[in-house]
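Going down the list, the sequences are from chains X and R. Position 30, counted from 1, in the first sequence is what our numbering calls 30; the numbers after and before it change by one each time, with no gaps. Position 65, counted from 1, in the second sequence is what our numbering calls 1065; the numbers after and before it change by one each time, with no gaps.
Some hints here could point you the wrong way.
In silico contact screen, one side only, chain R against chain X (beta carbon under 10 Å); selected entries [unchecked claim]:
{"id": "1", "residue": "1006"}
{"id": "2", "residue": "1007"}
{"id": "3", "residue": "1011"}
{"id": "4", "residue": "1036"}
{"id": "5", "residue": "1038"}
{"id": "6", "residue": "1043"}
{"id": "7", "residue": "1045"}
{"id": "8", "residue": "1061"}
{"id": "9", "residue": "1069"}
None of these hints come from the bench; they were simulated from the model. Ideal Cβ placement from N, Cα and C applies to all residues, glycine included.
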Amino acid sequence: MVNQSKGVITLDTLFAVLPAILIVFYVVKSSAFIVQQNQFQMEQQEKFDKLVSVADYLVNYGLTKKENGKYHPNWIIELNQEKINKAFDASGLEKVKVGFEKGTGTCIYRIITYGEQKEIKKLYFCTGEVSI
Amino acid sequence: MKTLESIISLLVFVSIAIMLIPEPKELDYSVYKTQIANDIWRVFELRNNFVGFDKNKLNDDANKITELTSLCIEFEEEDVTSCIPETKTIQIRKMAIVDGNPKTITMRIGQNNQN
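Given the sequences, and given the hints that come with them, work out the whole structure.
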């Protein structure tokens, strides 16, 4: 004699297992999403911090006027491309443009005085990569 | 019955999980903002605006910086303001010589969205 109720129990179990599988799937999926999101954000923050720190170095020492061995932060006489490239090469940032005109990609600016007349200027540091 | 219970559990779990997913945070600009505030102070120093605390020169240079950056610069209690900031971004306190006496000055930097 065939036990008809046995099949019903199996079907019910199957329907109970399905949401459980969906829960596991959703947990894995959302965890992966969160990890990916955090990783992307950390990378962007790291790039931004690098740009900020290299710009800070250039504005305080790298490009500044030096008199009797003393640096004058925020006072730049000329934009020495060699010094700029050296600083950015060391940081690992690529395609960086420094100038008084805003470039492409992620840009920050610093306020400086330029030339012997100490003219107030906005100096841009742009990575040339896609905007953060 | 078990199916119904499982589906309800799934719905509850999904709702909680959606609530727990963190909103993407914005970049941390705090260090950069401090650097900008110090830049502004340094530019005033370099242009000798603190020698005798010349308010006219300070106002002129503050206006020039506002023109360049859209940032409002305000010296608290010293009657120097380039524009009224809608949102206060940062403030720094430093020493300057005012009327021959050392005085701690508070400089506020804010954003004016209209500029």
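Status of the hints after comparison with the structure:
no. : hint : verdict
1   : 1006 : holds, 4 Å
2   : 1007 : holds, 6 Å
3   : 1011 : holds, 9 Å
4   : 1036 : holds, 7 Å
5   : 1038 : holds, 9 Å
6   : 1043 : holds, 6 Å
7   : 1045 : holds, 9 Å
8   : 1061 : holds, 6 Å
9   : 1069 : holds, 6 Å
This entry satisfies every hint, going by the numbered hints stated previously.
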